[in-house]
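Participant: Quick mapping for you: the protein sequence lines, in order, are chains A and H.
Counting in the working numbering, the first sequence runs from 10 upward without gaps.
Counting in the working numbering, the second sequence runs from 21 upward without gaps.
Rather than coming from a laboratory, the hints here were simulated on the basis of the structure.
Worth double-checking, as some hints may not be accurate.
To be verified - Derived Cβ-Cβ restraints for the label pairs, each shown as a range: (1) H:E27 with A:L213: 49 to 59 Å; (2) A:M136 with H:G181: 28 to 38 Å; (3) A:L96 with H:Q165: 42 to 52 Å; (4) H:E93 with A:T124: 45 to 55 Å; (5) H:R114 with A:P57: 54 to 64 Å.
Said to hold, decoys possible - Straight-line alpha carbon distances no greater than 30 Å define the calculated DSSO-like cross-link-like pairs of lysine-lysine that follow: (6) A:K220 with H:K197; (7) A:K217 with H:K197; (8) A:K220 with H:K170; (9) H:K170 with H:K48; (10) H:K197 with H:K170; (11) H:K48 with H:K197; (12) H:K175 with H:K48; (13) H:K197 with H:K175.
What the hints assert, rightly or not - Covered by chain H, according to a simulated footprint, are these stretches of chain A (three or more residues, beta-carbon under 8 Å): (14) 18-24; (15) 91-100.
C-beta atoms are modelled at their ideal positions from N, C-alpha and C, and glycine is treated no differently.
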Amino acid sequence: MDTDRLIQALAADHEQRDRRVGTALATALLVALPVTAAMLLVTIGFRPDFMTAMRNPFFDTKFLVTLALAIPAIVISLHLSRPEATLGRWIWLLLLSPFILVAALIAEMMMPQRTPMMMRLMGRNSMLCLSAIPVLSLPILGAALYALRQGAPARPAVAGALAGLLSAGLAATLYAAHCVDDSPLFVATWYTLATALVTAVGALAGAKLLKY
Amino acid sequence: MHGRDDEWTDLMRSANAGDGVAYHRLLKSVTPVLRAGARRGLARAGQPPDQAEDIVQDILLAVHLKRQTWDTEAPFAPWLFAIARNKLIDALRRRGRRIFVNIDDFAEVIPSEPPAETLPQAEIADHLAGLPPRQRDVLQSIAVQSESIKATASKLSMSEGAVRVALHRGLASLAAKLRRD
């Protein structure tokens, strides 16, 4: 087929345009988030003392930390879906969540503690945290990658890693409602490990799926 | 340069607003530039320039299928060249690997002179045959026989909507085949 003919076919197809990446991602998250929420509710559920826990600032901080990761990751994945986009200064947005976490760590250090540091770090259910966040993030990661396929990222693995970060952030936000370990030390250790795992999966999958 | 870039941006804006003629003109106008770029890239990588047309077609398909990622407020040329660069690098990487594999596999039968390349038949034509029958027939009719969507619809006894869908899916499958290649 010569190039002129191809152009002719492309021009004939000009009315068919795929959805914008933003629309696709919004739809994907609206579908995947209820799935993940349902997974959480029918398996481990919310922690029994959810209402009292809300009065503990370190419990609330968990949601702040996870959302401060998820929202910038969403914004950056949309940015990176354009072929000419680079990470550049956008990467600074990802420091928001670690920044809040470090501030919480310092705050906790300065408070008188009844539980020893090692116990706060290990928490009551670190293994559940390490497995639940990745499992809960799978529907979101799948949906996000599917949506980001509408895009044209210059570096598919990076775009995939961002999809991993956003799904881990959202999954961790939901998981935080179950998690009884509120110490920033616990969050900094186990949430971070779980997030790193999902990010790596996202990067590997993205390298394959987001190539255009 | 700036005049050309602005013209492209304007054409693409009109195309987005539904102007098919502007879109056709835009694709025609970018193609020689893409071709020159592909030839230069191949030459710099020490590759024969006769594969440039495959790369150009690959770029055009990507431009077409990914045009929703162009920000209407941004100039068109940087977006276009980002896609072109990406596709060129891909093509060179693919060919590089293929050559390496060839040397590995046929080391003992390779004559001292490089074998003459078979004339490049555009890759797309090869892939056309591998498409699902409907997509293939529609693409054959519109791209190879230059029929309109209307004529294709009546010839294949399909609705015009179905032709449009098959055309779009066919182009997307072609791009996917080129990528996997």
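Participant: All hints are to be evaluated individually against the structure, with a verdict given for each.
Facilitator: Here is what the structure says about each hint:
1. Judged by the Cβ atoms, the range 49 to 59 Å given for E27 of chain H and L213 of chain A is violated: they are separated by roughly 42 Å.
2. Between M136 of chain A and G181 of chain H the beta carbon distance is about 54 Å. The supplied range of 28 to 38 Å is therefore violated.
3. A hinted range of 42 to 52 Å for the beta carbons of L96 of chain A and Q165 of chain H is consistent with their spacing of about 46 Å.
4. Between E93 of chain H and T124 of chain A the C-beta distance comes to about 54 Å, which sits within the given range of 45 to 55 Å.
5. With their beta carbons about 57 Å apart, R114 of chain H and P57 of chain A fall inside the hinted range of 54 to 64 Å.
6. The hinted pair formed by K220 of chain A and K197 of chain H meets the criterion: a straight-line CA distance of about 12 Å does not exceed 30 Å.
7. Taken as a hint, the K217 of chain A and K197 of chain H pair is honoured in the structure, with Cα atoms around 14 Å apart against an allowance of 30 Å.
8. Of the pairs offered as hints, the one joining K220 of chain A and K170 of chain H is violated, with about 34 Å between alpha carbons and a cut-off of 30 Å exceeded.
9. With a CA separation close to 23 Å, the supplied pair K170 of chain H and K48 of chain H stays within the 30 Å bound.
10. Restraint check: the Cα-Cα separation between K197 of chain H and K170 of chain H comes to about 27 Å, which is no more than 30 Å; the hinted pair holds.
11. The straight-line distance between the Cα atoms of K48 of chain H and K197 of chain H is roughly 24 Å, inside the 30 Å bound, and the hint therefore holds.
12. A threshold of 30 Å between alpha carbons decides the hint, and for K175 of chain H with K48 of chain H the separation of about 28 Å falls inside it, so the pair holds.
13. Taken as a hint, the K197 of chain H and K175 of chain H pair is honoured in the structure, with Cα atoms around 27 Å apart against an allowance of 30 Å.
14. Given a C-beta distance limit of less than 8 Å, the hint that chain H covers the stretch 18-24 of chain A holds, as 7 residues qualify and 3 suffice.
15. Proximity of the stretch 91-100 of chain A to chain H, defined as three or more residues with a beta carbon under 8 Å from a beta carbon of that chain, is established by the 3 residues found.
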